[in-house]
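**Student:** The chain contents come next:
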Amino acid sequence: MRRVLIVEDKDTSRELLRTVLEKQGYVVIEASDGEEALQTARAEIPDLILLDLHMPRRNGYEVLIELRKDQRFVAVPIVAVTASAMQGDREKALAAGFSGYLSKPLSLANLRSEIQRLLPEA
Amino acid sequence: MPASTAAKDKRTTVTERPKKTKQPPAHPESLEQRYLKLLEAVPDAILEVNPHGQIMLLNQAAERMFGYSREELLGLTVETLVPAALRGRHHEHRASYADHPQTRPMGSGLELEAQKKDGTLFPVEISLSPNWRDGELNIIASVRDITERKRAEDRIRAIREQFTVELSAKNDQLEARNREVERANRLKSEFVASMSHELRTPLHTIIGFSELLAEEVEGTLNAKQKRFVGHVLQDAHHLLELINEVLDLSKIESGKLELQPELFEFSDCLEEVLTGARQAAQSKNVRLENRSNFAAQLYADRTRVREILNNLLSNAVKFTDSGGNVWVESSVNSGFLEITVADSGIGIAPEEQAAIFEKFYQVGGDNRRIREGTGLGLAITRQLVELHGGQIFLESSPNRGSRFTVTLPLAKTPAFRSTVDRKQS
Chain B
1 MRRVLIVEDK DTSRELLRTV LEKQGYVVIE ASDGEEALQT ARAEIPDLIL
51 LDLHMPRRNG YEVLIELRKD QRFVAVPIVA VTASAMQGDR EKALAAGFSG
101 YLSKPLSLAN LRSEIQRLLP EA
Chain V
1001 MPASTAAKDK RTTVTERPKK TKQPPAHPES LEQRYLKLLE AVPDAILEVN
1051 PHGQIMLLNQ AAERMFGYSR EELLGLTVET LVPAALRGRH HEHRASYADH
1101 PQTRPMGSGL ELEAQKKDGT LFPVEISLSP NWRDGELNII ASVRDITERK
1151 RAEDRIRAIR EQFTVELSAK NDQLEARNRE VERANRLKSE FVASMSHELR
1201 TPLHTIIGFS ELLAEEVEGT LNAKQKRFVG HVLQDAHHLL ELINEVLDLS
1251 KIESGKLELQ PELFEFSDCL EEVLTGARQA AQSKNVRLEN RSNFAAQLYA
1301 DRTRVREILN NLLSNAVKFT DSGGNVWVES SVNSGFLEIT VADSGIGIAP
1351 EEQAAIFEKF YQVGGDNRRI REGTGLGLAI TRQLVELHGG QIFLESSPNR
1401 GSRFTVTLPL AKTPAFRSTV DRKQS
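Heads up: the protein sequence lines correspond to chains B and V, in order. Note that this note's numbering has the first sequence beginning at 1, numbered continuously upward. Note that this note's numbering has the second sequence beginning at 1001, numbered continuously upward.
Just chain B, with the same shape it has in the complex (with noise of 0.2 Å):
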């Protein structure tokens, strides 16, 4: 089974992306900072990551960084979950590194068909 890390510090949006996911049929882990998603991604090794932007302790981009060094981590799928809604800010991500970009608040269906795109065989 496909697993997905969700990095996001708040508790609700956590829940709801993992409702959608679990439905889905893929296994979610969950850190809700910058510096424990970094523990856990070591740890876990995870095929997708929702990464949250605005985090304290780290905030997504640190995080993208750090990941992207670690040779494990090249070819997992990273997507940057923003509120964030200035223009330039889906290129900006895109050419940091992130595989993927989706604006808060998400309609179910972009993250559905996001994460079908990055993860095809599940």
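Among the clues, some could well be false.
What the hints assert, rightly or not - So the derived label-pair ranges between C-beta atoms look like this: (1) ARG2(B) - LEU1221(V): 27 to 35 Å; (2) LYS1188(V) - ARG112(B): 36 to 44 Å; (3) ARG2(B) - ASN1244(V): 38 to 46 Å; (4) PHE1191(V) - GLY97(B): 41 to 49 Å; (5) PRO56(B) - ASN1285(V): 50 to 58 Å.
To be verified - Derived lysine-lysine pairs resembling PhoX-like cross-links, with alpha carbons at most 20 Å apart: (6) LYS1318(V) - LYS1359(V); (7) LYS1170(V) - LYS1116(V); (8) LYS69(B) - LYS92(B); (9) LYS92(B) - LYS1256(V); (10) LYS92(B) - LYS1150(V); (11) LYS1251(V) - LYS1150(V).
Since the hints were made in silico from the structure, they are not lab data. We treat Cβ as the ideally placed atom computed from N, Cα and C, and that holds for glycine.
Based on these hints, arrange chain V on the given structure of chain B.
**Tutor:** Below, chain V alone, put in the same frame as chain B:
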């Protein structure tokens, strides 16, 4: 006529005049006496100096100006009248004048001073003229006391300096205020951006969980529950739209919204927007018609043109009652594509027509029939059109309908502000 005869004639003429006034002078004045009076009437000091520098002749004004009597001055060297500090070299200046004797101002470009008997110095202007007599060069010096003029000039200079100081202080104030305004604007933009972020975060879970409920994956809902969840979703989306529009407007106003123009088929773009609007039109029984025949490419920000068309079309449908018509026309006029979104709807009263492009204005005020919408759509639409270098016009009459016409430049113009332009330049 010889000069002497001319002088004689003039003398005759002048001496005759007093007779007419019946006050004949006891002794007729000689020409020399008259010249003497002329000399004495001059406010400037006039001195004649011989080759040794001695004062040979002077007028009354010279006595007054320097504070010496005529007897004291006669025979003194002219250096007596030169400030003590400069006296030593003055004979050299006299010698150099003797080399080029011609009428000219003394010490041209310099500020000259003279010294009175009591030692006080005062500013002067001096004009020198050569006067050859018996093979010797005498110099006639005409000295003007310019104390008053200097004082006036100094006053003007002081006023000007004060003015300059005040002006520069004002400039500093203005610059400080500009920086303050820029800072306030930046803070406002940052505030709107962070507010948008903070509002979107809870909206994310409101919309997400509502969607989950509506999908009934956690259990079926009865009809009423379904409708309630539908209301939550609809208003959450409305709130999201409002937040997005406020953010958009803030970006436009802070100059942060950059157009990303490209060449695209206008008719495709219009058809996409019409497809989106068709559902709303059908559900209201409003006929939606595409009468546009512009079949060329447009160089503009496609996303923003869609937004413009969508705002106008959804307004038109919104304000048109069942059985009415909404249609789109287009034409080309002097380098501009003119797009008109027309409807047979409720129209807009003349007194409201200018205000509808203002932020948060909604037609009909508190008694309006239609309350949905943010009141920002047309303000944003106008800004987007103007960013493209176009204009928006409205013709409308109540209960007859409205025609919104947008013009967009067909050629890429220098007025076109965009990231692409900047990259190319």
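**Student:** Enumerate the violated hints, using their earlier numbering and listing them in ascending order.
**Tutor:** 3, 4, 7, 10 and 11
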